[in-house]
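Visitor: The task is simple: from the sequences and hints, build the whole structure.
Chains as they are written, first to last, in my numbering: chain A, 1 to 464; chain B, 1 to 464.
These aren't lab readings, by the way, just hints derived from the structure by calculation. Treat the hints loosely; a few may be bogus.
Stated by the list, open to error - Pairs of lysine-lysine residues, derived as DSBU-like cross-links and limited to a Cα-Cα distance of at most 30 Å, are as follows:
id, chain 1, residue 1, chain 2, residue 2
1, B, K455, A, K449
2, A, K449, B, K449
3, A, K455, B, K455
4, B, K449, B, K6
5, A, K430, B, K449
6, A, K19, A, K6
7, B, K6, A, K455
8, A, K449, B, K430
Unchecked claim - Where chain B lies over chain A, by a calculated footprint (3+ residues, C-beta under 8 Å):
id, segment
9, 5 to 12
10, 214 to 226
11, 232 to 245
12, 416 to 423
Keep in mind it's a predicted model, so treat the numbers as computed, not measured. Beta carbons are placed, not taken as given, at the ideal position from N, Cα and C, and that holds for glycine.
There are 2 protein chains.
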Amino acid sequence: MPQSHKRIVIERLVAALGKDGLKTAPAIPDACLRDWSAERGGMPLALATPENTNQVSAVLRICHDAGVPVVPQGGRTGLAGGAVPSEGAVLLSLAAMNRIEEIDAASGLMVVQAGCVLQVLQEAAEAAGRSLQLDLGARGSAQIGGNIATNAGGNRVIRYGMARELVLGLEVVLADGTVLPMMNRMPKNNAALDLKHLFIGSEGTMGIITRAVLRLHPRVAGANAALVAISGFAEAAGLLAHAQKTLSGRVTAFELMWADYYDAVLAVTGRRPPVTRGHPVYALIEMQGADPDRERDDFQAMMEQAFEAGLIQDAAIAMSQREVDDFWALRDGVAEILPHWATTINFDVSVPLARIGDCVDDIRAALKDRFPALQFMFFGHAGDGNIHLVAGPIETVDPTGHGIESTVYDLIRSYGGSVSAEHGIGLHKKPWLSYSRSDAELDLLRHMKGLLDPKGILNPGKVI
Amino acid sequence: MPQSHKRIVIERLVAALGKDGLKTAPAIPDACLRDWSAERGGMPLALATPENTNQVSAVLRICHDAGVPVVPQGGRTGLAGGAVPSEGAVLLSLAAMNRIEEIDAASGLMVVQAGCVLQVLQEAAEAAGRSLQLDLGARGSAQIGGNIATNAGGNRVIRYGMARELVLGLEVVLADGTVLPMMNRMPKNNAALDLKHLFIGSEGTMGIITRAVLRLHPRVAGANAALVAISGFAEAAGLLAHAQKTLSGRVTAFELMWADYYDAVLAVTGRRPPVTRGHPVYALIEMQGADPDRERDDFQAMMEQAFEAGLIQDAAIAMSQREVDDFWALRDGVAEILPHWATTINFDVSVPLARIGDCVDDIRAALKDRFPALQFMFFGHAGDGNIHLVAGPIETVDPTGHGIESTVYDLIRSYGGSVSAEHGIGLHKKPWLSYSRSDAELDLLRHMKGLLDPKGILNPGKVI
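Guide: Next up, the structure:
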């Protein structure tokens with residue numbers, strides 16, 4: 001793009017946003033050039049920080065006219081590179097649209113702007129006597145617009161679903177600046193096709209999410225939880241089915257940790273093992289509820305039956321919230337392991353629940369065979385079919401990581417799984433997208449993109 | 001269309017389906033000319049009954065080439081006229097695609113063809129130790145393809161969501177015959193935009209659903225339930241919030257019946273009132289679970305607290321499944337009332353939960369004012385914001401029903417509600433669609449239709 005053209009775009013953006021609403025290099029903060037992935041993008045033209053939907057619309061209109069790429073940014077906590085800049089793009093930060101517009105506790109909903117930080121929304125919902133049941137490690141930085149644009153998963157999907165299930169309504173600005181209001185407030189609305197699903201999980205390639213109506217659930221007071229040792233994956237799946245059935249759907253988390261993960265996290269964190277080592281698989285089972293003391297009987301009865309049925313080898317049951325938190329610290333301890341194994345490759349995949357055990361065994365055997373010096377560990381939200389795998393260090397073994405990726409994704413494909421369970425595609429997984437989507441799906445996706453963004457300005461180069 | 005052209009289409013269809021797969025008038029059964037709505041369509045050209053996806057694809061390719069409309073039909077239990085024939089259309093019945101291909105109980109899923117009857121699937125899931133948690137009055141005739149195409153709601157949405165939430169994957173045939181496989185089996189799959197949502201709730205206007213992967217939940221053994229009398233809507237909403245919170249999300253149904261409905265159903269059915277008459281609102285609360293006897297303590301504790309808090313005036317708690325069924329017979333008794341009030345107009349609307357009480361009061365006052373001789377009754381799945389309203393007889397009062405409809409829908413619009421909570425738009429609600437969707441939404445819907453069905457052959461004249 002010629003300099004004169006750039007200058008005109010910047011002048012128009014300043015006119016729309018005011019001087020404080022636009023930064024150009026070198027005033028663009030370094031943090032905006034990256035997200036939490038290892039992906040690196042190009043040098044952006046400018047950083048726009050609109051304060052309302054009209055300003056978002058103006059930015060898009062200007063960029064659409066000029067054919068300038070637009071890269072939306074929330075909290076930049078994505079792990080697939082969906083928010084890294086394209087060369088010459090306008091970065092569109094939603095950070096200034098961070099107002100909670102309304103909480104209707106009686107109807108079980110809140111109306112929020114896209115730039116609200118997830119944890120802020122969780123706390124506001126709690127203060128109003130409700131719970132926003134989306135939760136993930138990045139809660140302190142992630143913005144709800146990004147959570148929705150990536151259809152975020154997290155810790156409680158087994159009970160409350162993905163971000164999609166928590167979105168009642170959306171406001172989206174289309175590539176040409178058209179505002180698309182879909183601010184539905186009802187759990188049930190079958191007045192024609194529900195168009196919000198064109199944007200949930202689109203990673204900013206179909207439109208920019210500016211506001212949302214979120215569903216709130218009844219508030220929970222605390223949790224019962226156990227950390228258990230299990231003799232194999234089949235027994236773990238049996239335990240999950242038993243717990244979900246006997247607790248009548250109240251299980252809020254079922255996190256699996258294979259022995260490689262359990263040993264690594266204990267070694268790195270120095271924590272005392274809640275249950276003995278030496279078992280193939282460990283699970284953290286949690287049941288949140290309104291009255292954890294009252295509900296403990298049900299939880300313990302479930303555990304006793306599981307013991308009698310041979311589904312559990314060893315178990316520690318939390319007797320306080322502090323002990324629940326201690327169990328979660330083991331699961332969340334992955335962040336402490338990564339620096340010790342650097343550089344790692346981190347996978348986020350899913351396979352049908354019943355096939356997880358075999359799939360993990362096959363991946364382990366294949367990696368051991370091909371990369372004998374590689375360390376790896378398996379864990380994840382297995383109740384949803386979601387496995388995470390960390391492998392490293394790759395420097396001496398497979399510096400590009402491509403061999404490790406193809407080993408893993410070949411097996412994921414053969415098991416009918418997905419190369420992205422919850423992190424999205426972004427830049428990082430583009431080479432592997434066809435492993436999990438049919439040619440006809442990818443064709444239709446391209447046609448949809450052509451319809452919604454004919455000039456291809458929205459987050460170009462991401463996903464497809 | 002000239003006769004010679006028709007003959008060629010029919011010859012090509014017979015070649016694709018065999019003689020048994022195609023019927024032409026007058027051999028088309030009368031039942032295929034109607035659905036459960038009062039809408040009437042035109043005379044179809046033929047009835048095609050393909051036995052597999054390839055045959056569906058062939059039918060669509062032939063009709064697409066010839067520009068012949070295609071009207072998909074499942075169990076024809078829809079209440080909005082979505083399945084009535086268009087003049088000269090090929091009716092595409094999925095009835096012969098009624099095979100359960102697989103039940104993977106361990107993964108919690110089943111793979112089915114679109115023509116399977118809902119109740120058959122429910123029973124098969126139970127036999128495999130799981131539950132398919134979609135349930136509605138038409139379960140004995142409705143086909144799963146139609147349930148998905150209309151995003152059916154029903155009795156347990158408050159706990160398990162609409163049909164959409166129970167669909168993991170779909171296979172769809174597009175207007176030009178392209179088969180679009182999206183047979184995902186995982187609860188989590190963020191490998192690009194999830195395209196199945198283009199078809200769920202599209203009422204056959206965007207593609208033909210041929211197969212589905214359905215999510216199965218843990219099996220339930222029975223229910224605790226109560227029928228309660230309540231002093232007003234605000235208290236009913238308070239009771240729902242209390243029950244959802246203290247039962248930690250286990251409430252499976254919360255059905256409201258206003259006094260007009262309660263009195264009418266008792267009068268028509270001759271049943272003994274479980275709780276005294278004379279209260280403004282009644283609710284049926286149900287909590288299904290794996291061990292209803294064990295769970296009764298929790299349910300009764302919830303009820304006692306509700307009494308103490310003044311949320312309930314009178315209550316009957318079921319002590320057996322037979323008594324649970326008796327409560328449901330009152331709620332389902334609407335079918336017995338309708339003939340006594342004929343001809344009726346039946347509404348399916350939703351408004352944000354906290355506004356239901358005022359909205360119902362306003363509708364009642366407006367109808368009384370404009371149509372003093374009209375009888376009406378309010379009930380519905382109020383836990384989801386969904387109200388049903390039956391008004392009649394209309395013959396002497398408002399024979400076209402249009403005045404009654406505009407009175408109701410004007411108020412629904414002013415409350416930010418939807419003209420269709422769960423029945424869809426079909427033919428019946430087309431005039432009112434703009435009351436619940438913005439111009440920008442309808443524009444995008446038309447563009448989507450143009451992309452997916454450029455010749456407009458799929459269920460023409462329905463929805464938009």
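Visitor: Are the hints correct? Go through all of them and say.
Guide: Here's how the hints hold up against the structure:
1. K455/B with K449/A: holds, 20 Å
2. K449/A with K449/B: holds, 15 Å
3. K455/A with K455/B: This hinted pair holds, its Cα atoms lying about 25 Å apart.
4. K449/B with K6/B: Distance ~25 Å between K449/B and K6/B Cα, so the pair holds.
5. K430/A with K449/B: Holds. K430/A to K449/B sits at ~28 Å (cutoff 30 Å).
6. K19/A with K6/A: At roughly 16 Å apart (the allowed maximum being 30 Å), K6/A and K19/A satisfy the hint.
7. K6/B with K455/A: violated, 42 Å
8. K449/A with K430/B: Given pair K449/A, K430/B holds - Cα atoms ~28 Å apart, limit 30 Å.
9. 5 to 12: That given contact is violated, which follows from only 0 residues of the segment 5 to 12 of chain A lying within Cβ reach (below 8 Å) of chain B.
10. 214 to 226: With 4 residues close enough to chain B, the hint holds.
11. 232 to 245: That given contact holds, which follows from 4 residues of the segment 232 to 245 of chain A lying within Cβ reach (below 8 Å) of chain B.
12. 416 to 423: n = 8 at 8 Å, threshold three: holds.
In terms of the numbered hints stated before, the structure departs from hints 7 and 9, listed from lowest to highest.
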